[in-house]
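4 protein chains.
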Amino acid sequence: MITVISATNRPNSNSLKIAKNYVQLMEKQGVEAKLLSLEALPADFISTELYNKPSENFQQLLNEFIIPAQKFVFIVPEYNGSFPGVLKVFLDAVHPDTNRGKKAALVGVASGRAGNLRGLDHLTGVLHYLGIHVHPNKQPISSVLAMLDAEGKIKDENIIKVLEKQIGEFIKW
Amino acid sequence: MITVISATNRPNSNSLKIAKNYVQLMEKQGVEAKLLSLEALPADFISTELYNKPSENFQQLLNEFIIPAQKFVFIVPEYNGSFPGVLKVFLDAVHPDTNRGKKAALVGVASGRAGNLRGLDHLTGVLHYLGIHVHPNKQPISSVLAMLDAEGKIKDENIIKVLEKQIGEFIKW
Amino acid sequence: MITVISATNRPNSNSLKIAKNYVQLMEKQGVEAKLLSLEALPADFISTELYNKPSENFQQLLNEFIIPAQKFVFIVPEYNGSFPGVLKVFLDAVHPDTNRGKKAALVGVASGRAGNLRGLDHLTGVLHYLGIHVHPNKQPISSVLAMLDAEGKIKDENIIKVLEKQIGEFIKW
Amino acid sequence: MITVISATNRPNSNSLKIAKNYVQLMEKQGVEAKLLSLEALPADFISTELYNKPSENFQQLLNEFIIPAQKFVFIVPEYNGSFPGVLKVFLDAVHPDTNRGKKAALVGVASGRAGNLRGLDHLTGVLHYLGIHVHPNKQPISSVLAMLDAEGKIKDENIIKVLEKQIGEFIKW
Numbered sequence: 001m002i003t004v005i006s007a008t009n010r011p012n013s014n015s016l017k018i019a020k021n022y023v024q025l026m027e028k029q030g031v032e033a034k035l036l037s038l039e040a041l042p043a044d045f046i047s048t049e050l051y052n053k054p055s056e057n058f059q060q061l062l063n064e065f066i067i068p069a070q071k072f073v074f075i076v077p078e079y080n081g082s083f084p085g086v087l088k089v090f091l092d093a094v095h096p097d098t099n100r101g102k103k104a105a106l107v108g109v110a111s112g113r114a115g116n117l118r119g120l121d122h123l124t125g126v127l128h129y130l131g132i133h134v135h136p137n138k139q140p141i142s143s144v145l146a147m148l149d150a151e152g153k154i155k156d157e158n159i160i161k162v163l164e165k166q167i168g169e170f171i172k173w
Numbered sequence: 001m002i003t004v005i006s007a008t009n010r011p012n013s014n015s016l017k018i019a020k021n022y023v024q025l026m027e028k029q030g031v032e033a034k035l036l037s038l039e040a041l042p043a044d045f046i047s048t049e050l051y052n053k054p055s056e057n058f059q060q061l062l063n064e065f066i067i068p069a070q071k072f073v074f075i076v077p078e079y080n081g082s083f084p085g086v087l088k089v090f091l092d093a094v095h096p097d098t099n100r101g102k103k104a105a106l107v108g109v110a111s112g113r114a115g116n117l118r119g120l121d122h123l124t125g126v127l128h129y130l131g132i133h134v135h136p137n138k139q140p141i142s143s144v145l146a147m148l149d150a151e152g153k154i155k156d157e158n159i160i161k162v163l164e165k166q167i168g169e170f171i172k173w
Numbered sequence: 001m002i003t004v005i006s007a008t009n010r011p012n013s014n015s016l017k018i019a020k021n022y023v024q025l026m027e028k029q030g031v032e033a034k035l036l037s038l039e040a041l042p043a044d045f046i047s048t049e050l051y052n053k054p055s056e057n058f059q060q061l062l063n064e065f066i067i068p069a070q071k072f073v074f075i076v077p078e079y080n081g082s083f084p085g086v087l088k089v090f091l092d093a094v095h096p097d098t099n100r101g102k103k104a105a106l107v108g109v110a111s112g113r114a115g116n117l118r119g120l121d122h123l124t125g126v127l128h129y130l131g132i133h134v135h136p137n138k139q140p141i142s143s144v145l146a147m148l149d150a151e152g153k154i155k156d157e158n159i160i161k162v163l164e165k166q167i168g169e170f171i172k173w
Numbered sequence: 001m002i003t004v005i006s007a008t009n010r011p012n013s014n015s016l017k018i019a020k021n022y023v024q025l026m027e028k029q030g031v032e033a034k035l036l037s038l039e040a041l042p043a044d045f046i047s048t049e050l051y052n053k054p055s056e057n058f059q060q061l062l063n064e065f066i067i068p069a070q071k072f073v074f075i076v077p078e079y080n081g082s083f084p085g086v087l088k089v090f091l092d093a094v095h096p097d098t099n100r101g102k103k104a105a106l107v108g109v110a111s112g113r114a115g116n117l118r119g120l121d122h123l124t125g126v127l128h129y130l131g132i133h134v135h136p137n138k139q140p141i142s143s144v145l146a147m148l149d150a151e152g153k154i155k156d157e158n159i160i161k162v163l164e165k166q167i168g169e170f171i172k173w
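Protein chains in written order, with the numbering used here: chain A, 1 to 173; chain B, 1 to 173; chain C, 1 to 173; chain D, 1 to 173.
Just so you know, the hints here were simulated from the structure itself, not pulled from any lab data. Since we're looking at a predicted model, the values are computed, not measured. Hints should not be assumed to be uniformly reliable.
No copy labels: a pair is met if it fits in one copy or bridges any two.
Here are the simulated BS3-like pairs of lysine-lysine, each with C-alpha atoms no more than 27 angstroms apart in a straight line [claimed, not checked]: (1) K103 x K71; (2) K53 x K153; (3) K102 x K153; (4) K161 x K102; (5) K28 x K155; (6) K103 x K172; (7) K165 x K102; (8) K53 x K155; (9) K165 x K20; (10) K165 x K53; (11) K165 x K28; (12) K172 x K71.
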């Protein structure tokens, strides 16, 4: 099972739009994926989930999206030159042995030009620490606003092509 | 003005203990510093403060600890191979132009052996992005449990020496 | 085929000693590996090999150790807080498409305590850029001088155990 | 004294062109700078200078460009997703205490779009390790070929503006 994670809790984010496109691009290659938006994290997450056993609600989220998944795709916006704090808060709340040996693909999202390259590097360090394999084909999407149409569909053919290539490699991996 | 930031909201953390020692070591060199523990972040922080104007409470915290400070010391525990998500959530909630040109010193805290070296590197990338100068003398504290006595005082003379040296350089900077 | 690379041209380096131990530990698990020490790089390497077609001698080295290998183990000492420049010079001289899709395991070597953690992170970034998969189980060896006996054998049982575990995972990968 | 370092030994490199522009932009602000191109490294550098005392020639280079300098500007091309191996070889050959407390500004150069962002991050880690202050205003130049005219002058007004701003900040620093 594959879970695509939109790595921000910002309402109606560009990353969520990219994530929805990504799930559809996977379907075109015959693969089902679940979509987890970090908007799902409850408001009091940093108080309730970081240093305790998971609450019933969070355990349910883990049971549906994290524990059964063998592969993850992280769609990661750039916040202050790296990945969102909310993504790390989420990872900090998951038992560090939960995902050892699993596999991850990374997509960066930025309004600027470097496509959150640094955020993907930082995330690679954290995922490797957690024993998660990271596919070397990482896709940084720059100038994301110009890449999406009014319905939130990716309109840039080049982006679609590189994402399709990444998906093809990740499925077979 | 200098603010020492204990970069986790974990209750009664070792980082907070180190931070209190750090404030006292600064006093010994004749410098007052404020202490901000990220325990102060309200439970619903990721819901209320990330994509809106600061709430009144958060603005008050910024007014007391962040806006008037010219220098910051970050005491940063290692969570999953990097710095805590809560620290990045905090930084993501502060307007990115708030601290340009200010100065930071970094102290890593870990129960393992590398003293959160990677977390300090990641944090350097984020702080530089925010226009904050980072002092090259970064102090990673390893095996933190063995470094503290029962009252939370640093008992390791070597650690005290390297922190005093860091403080001396940081004050004059 | 697997090539173990001792990533420095320093004569009689501790990294080369670790690399020889590593090859023997692989043999104990039934796997042959070639050993390439970067001492093999000719004295005028930065002049002759960086911006030209490989010389006959360098092509021979590539033909023996790099092109037929499907997996690499990098034994990487810490030089000035990262990996040796000589390793990057070597990688810069190899055509960037040579090793796409291959696999690498990383071992850090340092006289200090962090086992060249930063060097392994930097190398991960470069190898991923080159399309090489990097195993998340990276082994930083600290205080290397205390780990070797007079004959250059690893005498620390813990180090041997973690390397054997890494080898086991890497062979099956 | 300020030394601008063109961080590759590639003959006639774009980085050297950028470096020459940079020196002129500094002159326009009333500051003299020396220019060191790593083309100056002798062919057998990795054999003669890494693990010995500096040769007479290299000592002369150090005496002219490194030891008297209080500030460095590194013009750093992207080689395989990071900075050139030759730059690290050069740094590995300089005694690690030579430049403690000095200051550096970084400019990335790439034919691609991220302007060698990762290389500047890696270099920051190394320079901080060496006790060198790194200015947070780092300038990554992307698509360098489109930025230069036939005489090797920067023709992009935006690039000139951001470099002039960086120079202004660096001079006063």
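Right, here's what the structure says about each hint:
In this assembly of identical chains, the alpha carbons of K103 and K71 lie at most 27 angstroms apart whether taken from the same copy (5 angstroms) or from different copies (19 angstroms). Taking the closest pair of Cα atoms, K53 and K153 never come within 27 angstroms of each other, the shortest separation being 39 angstroms inside a single copy and 30 angstroms across copies. In this assembly of identical chains, K102 and K153 lie within 27 angstroms of each other by CA distance neither inside one copy nor across copies; the values are 29 angstroms within and 34 angstroms between. In this homomeric assembly, K161 and K102 come within 27 angstroms of each other (Cα to Cα) both inside a single copy, at 25 angstroms, and across copies, at 23 angstroms.
Taking the closest pair of Cα atoms, K28 and K155 come within 27 angstroms of each other only inside a single copy of the chain (16 angstroms); across copies the shortest separation is 45 angstroms, beyond that limit. Proximity of K103 and K172 under a CA criterion of 27 angstroms is satisfied in both settings, with 11 angstroms inside one chain copy and 16 angstroms between copies. In this assembly of identical chains, the alpha carbons of K165 and K102 lie at most 27 angstroms apart whether taken from the same copy (20 angstroms) or from different copies (18 angstroms). With identical chains, the CA atoms of K53 and K155 are never at most 27 angstroms apart, being 43 angstroms at best within one copy and 32 angstroms at best between copies.
Proximity of K165 and K20 under a CA criterion of 27 angstroms is satisfied intra-copy only: 17 angstroms inside one chain copy versus 39 angstroms between copies. Within a single copy, K165 and K53 get their C-alpha atoms no closer than 39 angstroms, and across copies no closer than 30 angstroms, so neither meets the 27 angstroms cut-off. In this homomeric assembly, K165 and K28 come within 27 angstroms of each other (Cα to Cα) only inside a single copy, at 12 angstroms, whereas the closest approach across copies is 39 angstroms. For a Cα distance limit of 27 angstroms, the shortest separation of K172 from K71 qualifies both inside one copy, at 11 angstroms, and across copies, at 19 angstroms.
Violated hints for the displayed structure, listed by number in ascending order: 2, 3, 8, 10.
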